[in-house]
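The primary structure of each chain is shown beneath.
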Amino acid sequence: MAFFLEALFGGLMAGMLYSLVALGFVLIFKASGVFNFAQGAMVLFAALAMARFSEWVPGWLGLESKFLGNLLAFVLAAGVMFMLAWLIERLVLRHLVNQEGVTLLMATLGITYFLDGLGQTIFGSAIYKIDVGMPKEPVFLFESVFPGGVLISLEDVYAACIAALLVVVLSLFFQKTSTGRALRAVADDHQAAQSIGIPLNRIWVIVWFVAGITALVAGIIWGSKLGVQFSLTTVALRALPVIILGGLTSVPGAIIGGLIIGVGEKLSEVYLGPYVGGGIEIWFAYMLALVFLLFRPQGLFGEKIIDRV
Amino acid sequence: MSKVIGEVILGVQNISLRFGGVKALTDISFDVREHEVRAIIGPNGAGKSSMLNCINGVYTPQEGSITFRGQSFDHMNSRQVAEMGIARTFQNLALFKGMSVIDNIMTGRNLKIRSNIFLQALRIGPAQREEEEHRLKVEHIIDFLEIQAYRKTPVGQLPYGLQKRVDLGRALAMEPQVLLLDEPMAGMNMEEKQDMCRFILDVNDEFGTTIVLIEHDMGVVMDISDRVVVLDYGKKIGDGTPEEVRNNKEVISAYLGTSH
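Protein chains in written order, with our numbering: chain A, 1 to 309; chain B, 1 to 260.
What the hints contain is simulated information worked out from the structure, not anything from laboratory work. It should be emphasised that the depicted structure is a prediction, and the values quoted were computed from it without experimental measurement. Ideal placement from N, C-alpha and C gives every residue a C-beta, glycine not left out. Keep in mind that a hint or two might mislead.
Here are some chain A residues the structure puts well away from chain B; computed CB gaps all over 12 Å [claimed, not checked]: (1) V132; (2) F284; (3) L293.
Covered, in the sense of this in silico footprint (three residues per stretch, anywhere, with C-beta under 8 Å from a C-beta of chain A), are these stretches of chain B [stated by the list, open to error]: (4) 80 to 93; (5) 97 to 103; (6) 110 to 117; (7) 121 to 130.
Turn these sequences into a full structure, and let the hints steer you where they fit.
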């Protein structure tokens, strides 16, 4: 039982991290109808900015306090993500108003390669570490219930709390505010949105900035666990099945999808793995996504696909 | 009808619009008076929608100017147009399909929402009150358009005629001074057309909204409009009361064809 719980917790935590990346995809899709291929590149870019600023800033200002250094680095990295959102709107999206989704998808593919290169040119291409002071030591829970207790990592618990907070804030923003309504409107129809006075340009900067911030948070958490390196961009690939499962248009869907996939991966590896020679973890998520595509293409919480003929 | 037609509220002067070598509009001028129903008619491809798009700020005419309440503009900007109180509906529905009827119409109030985004998110104090006020306005519009039963339905699921009403509702939510309607009755059956006519006339009557209307159905146009502009191949060929336009030789030949 203790072993099962450990696997379950491990899965939930891994799932939370997938969710964070998936959130970025969902935000941009919900608010502009664009599948943003560059989300993974944004995670790396943001994480690189954070890692390097937290290294440079104390040097520039002669700061002793690590907390202050990290805080300033976070603010600077957020500033960089804002600049990035602004530039993407100005140089790319503005010229593609009223275009097909596919055109925009291709544009984000271009942005991906550009960001990969730019990030490493500016910030360097070695492996960097982010240390925001998350506790590394594991703790044992339920020691009185099970012999030896259940081993979980405090770092994962922190990460989960941060992710949960982010989700609550984003859901409120989307569902309850007029800006959120404007974002959803822009996703559905550019022309109509313009006619009621929604400024597309500003909305796009907001969306990409918000997605940039989620990328930054995801980058910091992933980065402090695994180190900041090029392979971070591939976490985006892990997030794809999550959004298929949860639904491209649902913020809670991204979270629950992530949890299901995280838990599914771990449990299937532990319990089914031995019978098929292991390695289930690698393809489990994609198989699950495939099944969903066949039977419920809008995902668990996505907007139902309506097609009037 | 006892409505009083006021001063000129909106005017276009010598508007020309080209797409490459195609002349969509050539030297068009006309004016719209406050509280009137002004129709723009013409055969397919005459440039009617292009005209609306110029007023609405979607297209930028190469020549000419647009005046609104005495202010003159070389071209309009969508946001500015919306802020000045000009709303529009679309020929091919342009609704937010995934959103409910209420949310669609609420988007029309977006420009009027003043409270701080953080207060809105948490629904506290003034933000809550403001949201309620806007919702009340939206409910009035929903009652007015007789779509109470569908308020929570995603508009993508509604039949065409009702979607047209939601489109009108969203424009009304902006409480516009001028309402631009791009073929509000296209593709409707007789009954739906009559309903739509009634809504348009009621809006004009009750709220005093000035209406600029593009329509193909001659019967409808002649019945409800005060003055009519006729376009053909991007040129203005007639302007006047329905009676005058009906007897205009050029208009008759544009519609019926002539032997050359």
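Taking the hints in turn, this is what the structure says about them:
{"no.": "1", "hint": "V132", "result": "holds, 25 Å"}
{"no.": "2", "hint": "F284", "result": "holds, 31 Å"}
{"no.": "3", "hint": "L293", "result": "holds, 20 Å"}
{"no.": "4", "hint": "80 to 93", "result": "holds (count 6)"}
{"no.": "5", "hint": "97 to 103", "result": "holds (count 4)"}
{"no.": "6", "hint": "110 to 117", "result": "holds (count 4)"}
{"no.": "7", "hint": "121 to 130", "result": "holds (count 3)"}
Checked against the numbered hints listed earlier, the structure breaks none of them; every hint is satisfied.
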